[in-house]
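Asker: Here are the chains, one letter per residue:
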Amino acid sequence: MINKLGLYTFLATVVLFTGCSQKNVGFEGQQKGTEIKVNATEKVIAGTEYEATANGEDSIKANILSSTDFDYYNEEISLADGTKGTVKQIFFGFDKFNLTSEMLERVKSNGVVFSKTKVSDKIKLEGNCDEWGTDEYNYALGLKRAKSVKDALVIEGINSDRIVLVSFGESNPLCTAKTKDCWKLNRRVENKILP
Amino acid sequence: MRIILLTIIFITNMLAIDATMEIIKKNQTLPMVYVDIASSTDIKLSKKIKKVIDQDLLVSGHFLTKDIDYHQDFNDNINYVTLQKNDIDLFLNIDIITVNEKLLLNIKLYDINANKLILNKVFNTTSKVRYPFLAHKIAISINDIFDAPSIDWMDKFVIFSKYTGAKKSEIIIADYTLTYQKIIIKGGLNIFPKWANSNQDSFYFTSYASGIPVLKKQNIYTGKKEIITKSEGMIVCSDVSSDGTKLLLTMAPNSQPDIYLYNINEKIKTRLTKYKGIDVGGSFVENDTKVVFVSDRLKYPNIFAKTIGKRGIERLVYHGKNNSACTTYKNYIVYSSRETNNEFGSNSFNLYLISTTSDFIRRLTTTGLNQFPKFSSDGETVLFIKRYEGKSYLGLTRLNYNKSFIFPLKSGKLQSIDW
Numbered sequence: 455m456i457n458k459l460g461l462y463t464f465l466a467t468v469v470l471f472t473g474c475s476q477k478n479v480g481f482e483g484q485q486k487g488t489e490i491k492v493n494a495t496e497k498v499i500a501g502t503e504y505e506a507t508a509n510g511e512d513s514i515k516a517n518i519l520s521s522t523d524f525d526y527y528n529e530e531i532s533l534a535d536g537t538k539g540t541v542k543q544i545f546f547g548f549d550k551f552n553l554t555s556e557m558l559e560r561v562k563s564n565g566v567v568f569s570k571t572k573v574s575d576k577i578k579l580e581g582n583c584d585e586w587g588t589d590e591y592n593y594a595l596g597l598k599r600a601k602s603v604k605d606a607l608v609i610e611g612i613n614s615d616r617i618v619l620v621s622f623g624e625s626n627p628l629c630t631a632k633t634k635d636c637w638k639l640n641r642r643v644e645n646k647i648l649p
Numbered sequence: 006m007r008i009i010l011l012t013i014i015f016i017t018n019m020l021a022i023d024a025t026m027e028i029i030k031k032n033q034t035l036p037m038v039y040v041d042i043a044s045s046t047d048i049k050l051s052k053k054i055k056k057v058i059d060q061d062l063l064v065s066g067h068f069l070t071k072d073i074d075y076h077q078d079f080n081d082n083i084n085y086v087t088l089q090k091n092d093i094d095l096f097l098n099i100d101i102i103t104v105n106e107k108l109l110l111n112i113k114l115y116d117i118n119a120n121k122l123i124l125n126k127v128f129n130t131t132s133k134v135r136y137p138f139l140a141h142k143i144a145i146s147i148n149d150i151f152d153a154p155s156i157d158w159m160d161k162f163v164i165f166s167k168y169t170g171a172k173k174s175e176i177i178i179a180d181y182t183l184t185y186q187k188i189i190i191k192g193g194l195n196i197f198p199k200w201a202n203s204n205q206d207s208f209y210f211t212s213y214a215s216g217i218p219v220l221k222k223q224n225i226y227t228g229k230k231e232i233i234t235k236s237e238g239m240i241v242c243s244d245v246s247s248d249g250t251k252l253l254l255t256m257a258p259n260s261q262p263d264i265y266l267y268n269i270n271e272k273i274k275t276r277l278t279k280y281k282g283i284d285v286g287g288s289f290v291e292n293d294t295k296v297v298f299v300s301d302r303l304k305y306p307n308i309f310a311k312t313i314g315k316r317g318i319e320r321l322v323y324h325g326k327n328n329s330a331c332t333t334y335k336n337y338i339v340y341s342s343r344e345t346n347n348e349f350g351s352n353s354f355n356l357y358l359i360s361t362t363s364d365f366i367r368r369l370t371t372t373g374l375n376q377f378p379k380f381s382s383d384g385e386t387v388l389f390i391k392r393y394e395g396k397s398y399l400g401l402t403r404l405n406y407n408k409s410f411i412f413p414l415k416s417g418k419l420q421s422i423d424w
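So the sequences go chain by chain: A and B. Counting the first sequence from 1 gives a position; the working numbering is that position plus 454. Counting the second sequence from 1 gives a position; the working numbering is that position plus 5.
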C-alpha cells in the first residue's frame, strides 16, 4: 500500500495536462489549467422526463380468472345473416405450436362458424404465449400458433386470403397469476372478425 | 512503481482481450475511495449523487469505496493523516450547487498516499434530473486518470420497453442504473427498441398501432417518426450493421418467421433463412458478413450461424436444450438457456458465455430468469433482463471481473433492452 498511488499521481498529472475525452451526447469538455470545465450542451430529448420514483407496485395487476374450462373463454362474432355465432379460443401445450386432436376439433368447429360470416370480412388470428420468455422467439412461437390455426382453417375451406395473423407474444395475457393453469390459458390463439 | 503499475494495466488490458480467462481481483490491490459531499443546497439530491458515484466506482471493478467519519469543506485544507489512518487511497470531495433546474458539481480528487490534489473539475447540466449522467461522468473521469480499462459505456443511454398492461407498453430512455428515466413513447403496444446508430440519436421499434406490426424509426431529439417496413404476423429489428445501413429483421410476410437483411438506402429486403420452423434474433458478426441467430431446426431453440450470401448453416452451441436468445462479440457468444424444460416448479433461465474457437463455457448468472443479453460495444460487459420473485431488473455482468449487478425496475415488466 505504501505509495501505491505514486504512479497514479503521475498518470493523473499527464491526464490533467493532456485532457480526457468526452462523450458526444450531452456534454463537451474544456480545460483551463488544472481545472476542467464540462459544459452542458445537451440536446432536448423529445418525451416526458422523470426520475424513477414509482412506488414499487407492479402496474400489471394480477388477474385471477374464475375458470380453467376452455369454453369459458368462447367469443361471439357477427354472422352474415345478422345473427351471432360462437368461436372458441385455441390452446397449446408448453413450448408447442402444433394442434392436439382436441384443439383441432375446436378449429373445425370454428371453421363452420367462420364459413357463415361475410366473405368480405377478415378473420384475424392473434397468437399468444405464456410469460416464459421475453424475446423474439416467444413472438415467433405465438405466430406459429396462429399459423397452425390458419392452416387448419384453410383445410376446412376458409379462403386463406381472408385470414390475417398477428403475434402478441407474452404481451396479452388472459391471466397474470403465477400458476400453471394461468400459463395454460395464455398459450392460445384468439379469433377476431374484422369488417 | 511506475513500471509495476504499467505492467498491471498492460496485463489487465491483455486479459480483457480474452474474456474466457477468469480474473479474480484481489480487493487489497484496488484503491479505496471515500466520496464526501463538501456542501450542497439540496441534501436529498446530494445523497443520490453520492450513491450513484459510489455505485459506478464499484461497478467499474477498478475501485472500492467506503464511508468514514470525516468531512471537509470544499476549500479547506485536507487532513491527509486522518484519511491515511482510515486506509483511504483516494478522497473525492464534491461541492453541489443547484439553481432552479441547473446543477453544478465541483469536484476535487486527492491522492492520499501522495498527499496531492490530482483532479479539479467542474460538471454542470441545465436539467438536474440528469444528475445520474453527471455522476457517471465523474466516475469515468476518475477511471480515466488511472488509465484503467474504459468505462465510457456508463454514460451511454439505455433504451428499453416495458409492459404496463395487456397490449400496452412504454419505450423509455434511461441511464444504465435506471435512476434516470424518460418516457419516449407511451400508449399502445410499442416494443423491441433498437438504437439505429452509435450516436444514439434515433432508434427502431415495432409498433402495433395499425393492428399489423410495423417497424418504425424515431429521432429522440426531434420526435420525428418514419415507417421503415411492415409485416403481417411479426416484425422485429434484431440488429443494425456497424455503418447503420443494413438491418437484420425477423419478419413473416408469408406467415413464416424468418430472418431478412434489409438495406435502408435501397429499401430492399433479402430473405436469409428459409427453414419452415422458427428463425429469429439475427445478430451481425465478422464484419457484418455473417449472421448468428436462434432457430428451432433441432426441434428446440438453439444458436446457429450463416454466412450472408452462402448456403449452409453452422450450429454454434452444443449445451442446453432451450437457448432462445443470444448476443455476440467477436468470437464470443452469450446466450440465454432455460434450465428446466417443463412448465412446473421454478423455471429458470441462465446466461452462458462461450467461445466459438474453443470448448470454453462459463455460466454468468445463478438465480431467476435471465434473458435478452446484449454485449457492450467493447465486449467487456453484458446487459440483460432479469426477472426474479416477480420483479424486473436490469442486469449487468462485468465479464473480466466476475461481477454482476442488478438494478430494479420500479414498475412494469421489462420487455427488451438495447444500449
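Since the hints were derived computationally from the structure, they do not count as laboratory data. Every residue gets a Cβ at the ideal spot worked out from N, C-alpha and C, and that includes glycine. Any given hint could turn out to be false.
Within a straight-line C-alpha distance of at most 30 Å, the following computed DSS-like cross-link-like pairs (lysine-lysine) qualify [what the hints assert, rightly or not]:
| hint | chain 1 | residue 1 | chain 2 | residue 2 |
| --- | --- | --- | --- | --- |
| 1 | B | K221 | A | K646 |
| 2 | A | K576 | B | K379 |
| 3 | A | K646 | B | K173 |
| 4 | B | K274 | A | K632 |
| 5 | B | K221 | A | K632 |
| 6 | A | K550 | B | K173 |
| 7 | A | K578 | A | K550 |
| 8 | A | K578 | B | K173 |
| 9 | B | K235 | A | K538 |
| 10 | A | K632 | B | K173 |
| 11 | A | K576 | B | K221 |
| 12 | A | K578 | B | K379 |
| 13 | B | K274 | A | K576 |
| 14 | A | K638 | B | K326 |
| 15 | A | K576 | B | K326 |
| 16 | B | K326 | A | K646 |
| 17 | B | K56 | A | K550 |
Restraint ranges, calculated between C-beta atoms of paired labels, are given here [said to hold, decoys possible]:
| hint | chain 1 | residue 1 | chain 2 | residue 2 | range |
| --- | --- | --- | --- | --- | --- |
| 18 | A | G547 | B | K335 | 36 to 46 Å |
| 19 | B | P258 | A | V566 | 46 to 56 Å |
| 20 | B | T131 | A | K634 | 28 to 38 Å |
Here are a few chain B residues that face chain A, going by a calculated C-beta distance under 8 Å [to be verified]:
| hint | residue |
| --- | --- |
| 21 | K71 |
| 22 | S174 |
| 23 | G193 |
| 24 | A214 |
| 25 | P258 |
| 26 | S260 |
| 27 | V285 |
| 28 | V299 |
| 29 | A330 |
Asker: Can you list which hints this structure breaks, lowest number first?
Answerer: Per hint list: 2, 4, 5, 9, 12, 15, 16, 17, 19, 20, 21, 23, 24, 25 violated.
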